[in-house]
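*Asks:* Each chain is listed here by its residues.
2 protein chains.
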Amino acid sequence: MKLSQLGEFGLIKNARDIFKSLNENIVVEIGDDCAAIKLRKGFLLIATTDALVEGIHFNLDYTKPYQLGIKSININLSDIAAMGGIPLYVLLSIAVPQNFSVKFINEFLMGVKEGAQRYKVSVIGGNVSSSKNEFSINITILGEVEKKYMLLRKGAKAGDKIFVTGYLGNSAAGMKILKSGQWQKKLIERHLMPSPRLTEGRFLAVRGLATSMIDISDGLASDIRRICEESNVGANIFIKNIPISRELKSEIRNPKSEINLALYGGEDYELLFTVKPENVRKLKSLWKNMKTPITMIGEITKRGINLVNTDGKAIPLTKEGYNHFKG
Amino acid sequence: MKLSQLGEFGLIKNARDIFKSLNENIVVEIGDDCAAIKLRKGFLLIATTDALVEGIHFNLDYTKPYQLGIKSININLSDIAAMGGIPLYVLLSIAVPQNFSVKFINEFLMGVKEGAQRYKVSVIGGNVSSSKNEFSINITILGEVEKKYMLLRKGAKAGDKIFVTGYLGNSAAGMKILKSGQWQKKLIERHLMPSPRLTEGRFLAVRGLATSMIDISDGLASDIRRICEESNVGANIFIKNIPISRELKSEIRNPKSEINLALYGGEDYELLFTVKPENVRKLKSLWKNMKTPITMIGEITKRGINLVNTDGKAIPLTKEGYNHFKG
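Each protein sequence line maps, in turn, to chains U and P.
Under our numbering, the very last position in the first sequence is 327; numbers go up by exactly one each time.
Under our numbering, the very last position in the second sequence is 1327; numbers go up by exactly one each time.
Note that these hints are calculated values from the structure, not bench results.
A quick note: this is a predicted structure, and the numbers were derived from the prediction, not measured.
Hints are supplied without guarantee of correctness; some may be wrong.
With a straight-line cut-off of 27 Å between C-alpha atoms, the simulated DSSO-like cross-links for lysine-lysine are [what the hints assert, rightly or not]:
1) P:Lys1148 x U:Lys41
2) P:Lys1157 x U:Lys13
3) P:Lys1249 x U:Lys41
4) U:Lys302 x P:Lys1013
5) P:Lys1176 x U:Lys132
6) U:Lys13 x P:Lys1154
7) P:Lys1020 x U:Lys148
8) P:Lys1288 x P:Lys1249
9) U:Lys132 x P:Lys1002
10) U:Lys2 x U:Lys20
11) U:Lys38 x P:Lys1148
12) U:Lys154 x P:Lys1038
Please build the complete structure, drawing on both the sequences and the hints.
*Replies:* Spelled out as structure tokens, the structure:
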């Protein structure tokens, strides 16, 4: 069935059935003018919004609607993770060309539901409208965090060590592979359905072990710059420390290309954070039971953002990661 | 300057300067992974999201970016008004084709700012990305409301009188005039920059005078249906009572066309609400000092949604207002 046969009312009814929630803090869910919720006392409300636009962020030739649903939730959860927060509620807004099938949209909604359930967040509202050409998705996630635990981009001090969770470049490599029509499951999955590092972000926040944090959406080169600008500091990144996964190495087989994917590829949705030198040992010891690895990749300096070569030579890290609008 | 020259970082910096706020409840504003805010104890958080897509909701041939900025805020505020709530914060997400000018976007952002300031709401976060063809806008508004005051779509009982604020059909007529290249200022303004009925919605909520409420975005015929479905009731709408403005009458000069615009035109952003018969006199007396008129246009019945002609004959109101996806 085409969306044009189901209509807006029908589509909203579908979404309402799919996202029915039992969370007793939700006073009004999908189907009224606004959603209404009770919040816990003593917490800050945190809110983030992010868009995925067809042709820019995804290509329906090699993205299944279900995967797209999961991804659109996960990239927003990644922002909550980067504050050390707890995600709670989702508002989903989609603009869909009239000729799309109801099956496509329902599969997308099921992906959103799966992504939301995995992290115990509820879809409480949203909006559907038509569009002329492009399918576009906009998600707002609401969450909470204690003020004392919240981790911002500012806070890094000269001397702090720089860490990342997981491996960098996998997502960008996954996209390359998809475009080439070849196949490497782990890389592709990191691109199509990146996991947000919520447990890791929350752990760092509650233990008070990080001085600043951000999630890597535009690429390490771009996102370390954001920490430096907000914290008014510089950074040295040691090339040899940048974590490259086994899968990426065996796929690319060219160290320079691997590093470029890790620096500029983007969409890693790993956490990039800074730690006082005296807390590094404690962090490593406490981290032992976590599944996701962390790697120290550099340190905060007073000014300048540099890449440090294997021979110890520092070169300015000038190029940026993915930047919308720059050709 | 083109957006492609300014880049994403530059655009975010612009937005940050434009939306700088002094509200002390905002702990983190634009420029981090999430916005963070303190909320008042004892209130429910209410949240609504809405999209405006180029070619579907607006046409840049006859919409100035500044007006579009104001409108995108106002249509969301209208949802807050329809809950009887107090709007507080805005998250703004835009997807813009690369070849748009920085001047265009800055004018749009100034419109958003003007719209926000008029109702004392702060823009606390958002997202910018590029798009291939269409400029699209997604706004999320957060607000608060006391549970005891909140007005939902459900709650209407058989016998309740049906009211609307303001006049219906002006916005749709404004759009027609814009498309025809002619000119009638009041109608066009209602279309390009509709005011949300926040004062009116809040008044009805706090005084406890309405049993249900919705804002008219898709047209009276469509939105009365939403109240009826949620409240599990029917309605009779008296054609002769539907408020048509002087401006609309002098522009259209055809009673049937006027009524059609009022029923199906949509984008009125007036409030549609129901009142117990015994409270109608009190409502009218308390309303005396309000600038926006209200009109009783019908009553709630047990079932069936009907239009009642001037001769008292009831005909089923089957056609719907603007429905996305229906051709």
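*Asks:* Of all the hints given earlier, name the ones this structure violates by number, lowest first.
*Replies:* 3
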